[in-house]
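What follows is the residue order along each chain.
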Amino acid sequence: MDAIVTGTLTEPKSTDCCSESKPIVQTVPRKNIMWVYIIVGFFGLVSIATYAMHEYYLYLSAYLWFGFIYGMCLQYGRFCFASAFRDLFAVGVPRMVVGIMIATVLFSITSSLVAATGWSTFHAAPWSVHAVIAGIIFGVGMVFAGGCASGSLYKAGEGNGVSMLVILSISVTQAAFVDVGGWANKLVPKSWAEAALTKGLPSSINVSDGWVDQYLAGYVWEQPVITFAKLLGLDDHSLVGALYANTFVGVFLPAVLLLIIVYIFWSRKRYVMDLKTNEGRSAGLADHVRGFWSMIISSKRTAIAGLFLGIACGLQMFVIEGLRMKFGVKNAGTILQRIGFDYGISAKGTVFDPGYWYVTTQEAQWVGWVAQKLGFNNMDNIYFGWVNGIPSPAINPADWMSVALIGGAAVMALMNNEFKWKKPTKELAIWALIGGALMGIGSRLALGCNVGAFFVRTANGDVSGWSFGLGMIGGAFIGVKFFNWYTERKMAKEMANIDFDL
Amino acid sequence: MAMQFKQVEHGLYTLDVTGYVCPHPQLYTKKVMEKLHSGDKLELVFDNPSSAESISAMCTNEGNPVLDQKRDGAKFIFTIQKA
Chain S
20 MDAIVTGTLT
30 EPKSTDCCSE
40 SKPIVQTVPR
50 KNIMWVYIIV
60 GFFGLVSIAT
70 YAMHEYYLYL
80 SAYLWFGFIY
90 GMCLQYGRFC
100 FASAFRDLFA
110 VGVPRMVVGI
120 MIATVLFSIT
130 SSLVAATGWS
140 TFHAAPWSVH
150 AVIAGIIFGV
160 GMVFAGGCAS
170 GSLYKAGEGN
180 GVSMLVILSI
190 SVTQAAFVDV
200 GGWANKLVPK
210 SWAEAALTKG
220 LPSSINVSDG
230 WVDQYLAGYV
240 WEQPVITFAK
250 LLGLDDHSLV
260 GALYANTFVG
270 VFLPAVLLLI
280 IVYIFWSRKR
290 YVMDLKTNEG
300 RSAGLADHVR
310 GFWSMIISSK
320 RTAIAGLFLG
330 IACGLQMFVI
340 EGLRMKFGVK
350 NAGTILQRIG
360 FDYGISAKGT
370 VFDPGYWYVT
380 TQEAQWVGWV
390 AQKLGFNNMD
400 NIYFGWVNGI
410 PSPAINPADW
420 MSVALIGGAA
430 VMALMNNEFK
440 WKKPTKELAI
450 WALIGGALMG
460 IGSRLALGCN
470 VGAFFVRTAN
480 GDVSGWSFGL
490 GMIGGAFIGV
500 KFFNWYTERK
510 MAKEMANIDF
520 DL
Chain E
929 MAMQFKQVEH
939 GLYTLDVTGY
949 VCPHPQLYTK
959 KVMEKLHSGD
969 KLELVFDNPS
979 SAESISAMCT
989 NEGNPVLDQK
999 RDGAKFIFTI
1009 QKA
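So the sequences go chain by chain: S and E. Numbering of the first sequence is given in the numbering used here, commencing with residue 20 and proceeding in unit increments. Numbering of the second sequence is given in the numbering used here, commencing with residue 929 and proceeding in unit increments.
Please note that a few of the clues may not be correct.
[Stated by the list, open to error] Derived lysine to aspartate or glutamate pairs resembling DMTMM-like cross-links, with alpha carbons at most 20 Å apart:
no., chain 1, residue 1, chain 2, residue 2
1, S, Lys295, E, Glu990
2, S, Lys349, S, Glu74
3, E, Lys934, S, Glu74
4, E, Lys963, S, Glu507
5, E, Lys963, S, Glu74
6, S, Lys445, S, Glu513
[Said to hold, decoys possible] Distance windows between CB atoms, simulated:
no., chain 1, residue 1, chain 2, residue 2, range
7, E, Leu995, S, Tyr56, 35 to 45 Å
8, S, Lys392, E, Gly991, 23 to 33 Å
9, E, Gly991, S, Lys218, 23 to 33 Å
10, S, Ile316, E, Leu940, 30 to 40 Å
11, S, Ser411, E, Gln932, 15 to 25 Å
12, E, Lys1003, S, Lys349, 47 to 57 Å
13, S, Ser257, E, Gly991, 46 to 56 Å
14, S, Phe519, E, Gly991, 48 to 58 Å
15, S, Ala511, E, Leu940, 16 to 26 Å
16, S, Ala305, E, Gln932, 46 to 56 Å
17, S, Met292, E, Lys1003, 24 to 34 Å
18, S, Lys205, E, Gly991, 56 to 66 Å
19, S, Trp440, E, Gly991, 32 to 42 Å
20, S, Tyr56, E, Leu940, 35 to 45 Å
I should point out that these hints are in silico values taken from the structure, not numbers from a laboratory. Every residue, glycine too, gets a C-beta built ideally from N, C-alpha and C.
I would like the entire structure built from these sequences, with the hints used as guidance.
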């Protein structure tokens, strides 16, 4: 049985409005340590055994170990994009907004340096209002589900059954949504349908049958691709374009502005109140600068996780592009074919291979693969048949990354004695399925989730990243408003027989 | 398990949100703290690790001290006092 260890907290310091609680000292059971060795040993063995089969497997192992690092960082920092604005709006806690901004700025610096060397794997996305709308749908979904796409992966690594249901819901919804045709074709504007036909897609892709097909080829592909470097007339792959335009103007300045807004509306009041109570004076500019800084460093765990995530994300781009050069390939589809796997490769010979951290497409792919094994023809749509393919999850690089992410999170949770198998209740299962479905639809409309459509794009100076982010903030606000009402009702029932004055 | 809120004695309450994921534990805690009188104490039981960080930060921001934190396996037990 686990030992109970008690730790008493110190009260908040006088002017330190956001001081962090002392960590609770924990003894880690031996069983947990054994599982840590088993998980790490399994991934190590997979890497070694596959490398012994062929050198090309290094490519998949690179994805695997970056996924593992992401999982450890996310669990350590409780790093969840859903909690960023949800906790801010719901309970006034800014720690995750701070952590995400730190991670985005650091990722931007590393990815800009990589871009300037010409080794970046990043491609900006088409920009229009669709990114904002998709962000709103995704934002509502992540609040309902209790976690974003990446947050649900790391929480699954903690043994959380609700998060596993969220992943299932995101996966199934995406795979179904990208293949919906028939009646849904009637909802496609005529201009999209006509424009889609002019894209010269091969006959194996039935672009006239499928809402998402016509949305992509008839609308999204028509939209401009804009980065901050382009807006300032600079090249994305020059040092000035990448570091000055995409990082400083496109990420650092908006991030600082956002954090100042968060300080003014959510942190300042407490800081000023503490100052008045303890020192009997009002706050000057210097005090506000100190208050702003105390908000930044208020959660060391989240900040440290953000720091390592930011660096690892940039490094992954560098490593994957390096491996592509080493093997003389532009996409993992070529590697899979060279090692003898040609099932599920797209019509242009590719599979989903972002070259950086990504979450949702590989989730759609494994369901797409299962559906095809069950007899559905889903290779006639653009998403699977033309762009991403549906390779077996066993040799899909992006799936290796996600599975290892769950493993990395499990290792960190086990080491902190935070792993626990949790069966979802009926109530939470319903929220997980609804929230997961909304995130699945939002992801496909935006061509990515909180990681692919927000974190990676924003860090690389893509204007559509901030557009999706703004939508996500709006969606989180709507979701919180709804949950506030829902919680209030449930709490009122629970408190009905309690007299607080007695 | 469904959420449970009980009065143990005058000025002492328990809220058990074991099994709940974000944002439920922090939202229920906030709603309860709003109802309590100054000096009242709440023993909060939950098992969602990420809520621990958010609840601690929320209490600090609102000036409600977290008097004690315990761990029982994967469960977190916080004692919070209304300022």
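We went through each hint and held it up to the structure:
1. S/Lys295 <-> E/Glu990: Satisfied, since the Cα-Cα distance of roughly 15 Å is no more than 20 Å.
2. S/Lys349 <-> S/Glu74: 17 Å, holds
3. E/Lys934 <-> S/Glu74: Distance ~61 Å between E/Lys934 and S/Glu74 Cα, so the pair is violated.
4. E/Lys963 <-> S/Glu507: 11 Å, holds
5. E/Lys963 <-> S/Glu74: 63 Å, violated
6. S/Lys445 <-> S/Glu513: 19 Å, holds
7. E/Leu995 <-> S/Tyr56: 35 to 45 Å: 38 Å, holds
8. S/Lys392 <-> E/Gly991: 23 to 33 Å: Taking Cβ atoms as reference, S/Lys392 and E/Gly991 lie about 58 Å apart, which means the hint is violated.
9. E/Gly991 <-> S/Lys218: 23 to 33 Å: 60 Å, violated
10. S/Ile316 <-> E/Leu940: 30 to 40 Å: At roughly 34 Å between Cβ atoms, E/Leu940 and S/Ile316 fall inside 30 to 40 Å, so the hint holds.
11. S/Ser411 <-> E/Gln932: 15 to 25 Å: Given about 46 Å between the Cβ atoms, the range is violated.
12. E/Lys1003 <-> S/Lys349: 47 to 57 Å: Given range 47 to 57 Å: holds, Cβ gap about 50 Å.
13. S/Ser257 <-> E/Gly991: 46 to 56 Å: Holds, at about 50 Å.
14. S/Phe519 <-> E/Gly991: 48 to 58 Å: Violated, at about 19 Å.
15. S/Ala511 <-> E/Leu940: 16 to 26 Å: Because 21 Å falls inside the window, the suggested range holds.
16. S/Ala305 <-> E/Gln932: 46 to 56 Å: 47 Å, holds
17. S/Met292 <-> E/Lys1003: 24 to 34 Å: 33 Å, holds
18. S/Lys205 <-> E/Gly991: 56 to 66 Å: 57 Å, holds
19. S/Trp440 <-> E/Gly991: 32 to 42 Å: 37 Å, holds
20. S/Tyr56 <-> E/Leu940: 35 to 45 Å: 44 Å, holds
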